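Asks: Chains as they are written, first to last, in the working numbering: chain A, 24 to 170; chain B, 538 to 878.
Check the hints yourself; a few may be wrong.
To spell it out: a stretch of chain A is covered by chain B in this simulated footprint if at least three of its residues, at any positions, have a beta carbon under 8 Å from a beta carbon of chain B; those stretches are [said to hold, decoys possible]:
(1) 45-53
(2) 56-65
(3) 71-78
(4) 97-107
In silico lysine-lysine, BS3-like type, Cα no more than 25 Å apart, as pairs [what the hints assert, rightly or not]:
(5) A:K165 - A:K35
(6) A:K30 - A:K160
(7) B:K573 - A:K35
(8) B:K713 - B:K697
(9) B:K573 - A:K160
(10) A:K30 - B:K573
(11) A:K133 - A:K160
(12) A:K165 - A:K70
(13) B:K580 - A:K35
(14) A:K70 - B:K573
(15) A:K147 - B:K580
(16) A:K147 - A:K160
(17) B:K580 - A:K70
(18) A:K70 - A:K147
(19) A:K26 - A:K160
(20) A:K30 - A:K70
Treat the hints as calculated values from the structure; they're not laboratory data.
Remember, predicted model here, so these are calculated numbers, not experimental data.
Glycine is no exception: its CB is placed at the ideal position from the N, C-alpha and C atoms.
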Amino acid sequence: MFKNLIKESTGKSPWLFHINAGSCNGCDIELVSVLTPRYDAERLGFKLTGSPRHADIVVVTGPVTAQSLDRVLRTISQVPEPRCIVTMGSCPQSGNVFRGSYAIAGPLSKYVHVDVDVAGCTPKPEAVIDGLALATKILAEKRGQME
Amino acid sequence: MALILQALRYLVYVLVFPGFLFCFMTGLLLCGIDRKLVARMQKRVGPPILQPFYDFFKLCGKETIVPAAANRTVFLLAPLVGLAALVVIQLFIPVFRFSAFNSIADVIVILYLLLIPALSVIMGGAASGSPYAGVGLSREMVTILSCELPLLLVLLAIGKVVGTALGTGICFSLSKIVDYQMAHGSLLGKLSMIPAAVAFLLVIPGETGNHPFDAAEAETEICEGPLAEYSGAPLGVYKLSHAVKMLTMTSLFVALFLGGIGTGIENLMFQLGLSGGAAGAVAFLLEILVLFLLCAVLTFLTISVVHAVTARLRIEQLFKYYWTVVAGLALISLVLAWYGL
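Chain A on its own, in the form it takes in the complex (with noise of 0.2 Å):
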C-alpha cells in the first residue's frame, strides 16, 4: 500500500530544475510563462526547484554548447533516481539554426537518454505543458520499476 501511494504521489508532484545550455532564452522566458497565473502549472503541482538534488524533470533549453556539456552532464547526474529528462525547443533536440557549427556539441541525445522532446522555436506553453505531462508518467512508471 505505501509503496503504491509513493508511485501515486511521484506522479502528482513533479519538481522541476532548468538548465540552460546555451539557450538565446526564449525558451527559459517560455518555460518561466508555463508558471505564471495564465497557464499556471502548479496546479498539477509543478514547482521551479532552486537545486538539481530536489528536482524530478530537468528541462534543458538550448543548443548543448561544447563549454556546457560537461556542466549539463555532471548536473544531470546530481538528479537523483528516479528522474526525467526533457528537451525543450528545437535546440538541444537537433542543434536548430546552429546546427553543424563547431562550437556545438548537441543534440543532447548523444549524450544522456532523453525522455521527452518538445520542438519548436520556442514551444509554445500549451506544447511545454503538454510534454511536462508526459514526462511525469513517464516518471511515476519508472517509479513503479525502481527496486
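Take the given structure of chain A and dock chain B to it, following the hints.
Replies: Chain B in isolation, oriented as in the chain A frame:
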C-alpha cells in the same frame, strides 16, 4: 497494570495526538491550504490542498544522495532531530482544556525547543559541505537571532501580566497562563497585550522561514541554502518540519492569546442533554477542529497574505525590521504590562 496503562497513554500522546500523527496531518494540511490561498490571491487555480502530502510521499520514494564531502551521520540525523523537537513542543501546547504534559513545562522550555529545528537546519547544512549551505546557514543564524528578541519580549510581557494577577511577580508556566485566561478571559482582551499579539503574529513568518523572511532558503539565489544538498527522505522530513512549524507557531498563539475564549462546546452539549463518554469524545474532536480552523485563519493572516503581497527582504533588512519595529511593539507591551494595564 496501571503503569502499563500509563505508558500506553503516553505512547498514544507521542505517536497519535497531539504528537506525531496529528502534527503530520494538520501541518501538511495547513501547508496545502496556504499554497492554495496564495494561488487564489494571485488569480491562479493553485495546487490541490493535498499537494504537500504528495510532495512528502514522493520525496520518501526518491534516491537519497549523500555528498562525498558530507559528514554522513550528522547529515542524515539532523532533520530527524528538528522534527522530534517540534513534536515535543506540540505535546506541551494545550488544546483549550486538554494538554498532554503541560504541568511540567513552561514557556522557557518552548523557547529553547523552538531553537532546535533552526539548529538542525544549521547543523545539516554545515554537515553537507556545500558553499550554498554555508551562505544559507549564516543567514539562518541571523534570522533566528532576529526573531528571538521580539519573541522573548512578548513572553516576558505575558509572564508579567499573568504573574501580577496571580501575585507571584512573573509567571512562565503555560498551564497557569491558560488557567488564568479561563478565569479572566483571553489575554488579547487586555490593552497591554494587543501590541504583543501583533508582534507575535509578525514573528510567525520569520520563525517558519516564509516570505518575505526566507532569505536563508532563497531558492532563486542560493539554491535553497542549507537544504541545497538534501534529496529524498531527509529533504521530505525538512519540508515536513517546515509545515509542522506553521502549526506549532499558530497553535502557540492560540494557547497564549486566545486560550480564554474557550469553545463552549462542552457547555452547549450539556445544555442539549448530551453527556457521558461519547458526548465528551465528540466535544473533544470538535475542539480539535476549532483549533485547526483557528490555526488555518492565523496561517492565512500571517503567512499566506504576507507571502502574496511582499518580496523577499535582504538579511540585514530582516534583522533591522525585527529589532526595531517588532521588538518595539513587544517593548511597548512590556512597559504597559509593568504599569498594570
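Asks: Does each hint hold? Answer for all of them.
Replies: Now the hints, each set against the structure:
no. : hint            : in the structure
1   : 45-53           : violated (count 0)
2   : 56-65           : holds (count 3)
3   : 71-78           : holds (count 6)
4   : 97-107          : holds (count 4)
5   : A:K165 - A:K35  : holds, 14 Å
6   : A:K30 - A:K160  : holds, 10 Å
7   : B:K573 - A:K35  : holds, 15 Å
8   : B:K713 - B:K697 : holds, 12 Å
9   : B:K573 - A:K160 : holds, 24 Å
10  : A:K30 - B:K573  : holds, 23 Å
11  : A:K133 - A:K160 : holds, 24 Å
12  : A:K165 - A:K70  : holds, 20 Å
13  : B:K580 - A:K35  : holds, 22 Å
14  : A:K70 - B:K573  : holds, 14 Å
15  : A:K147 - B:K580 : holds, 21 Å
16  : A:K147 - A:K160 : holds, 20 Å
17  : B:K580 - A:K70  : holds, 17 Å
18  : A:K70 - A:K147  : holds, 19 Å
19  : A:K26 - A:K160  : holds, 16 Å
20  : A:K30 - A:K70   : holds, 18 Å
Taken one by one, the earlier hints fail for this structure only at number 1.
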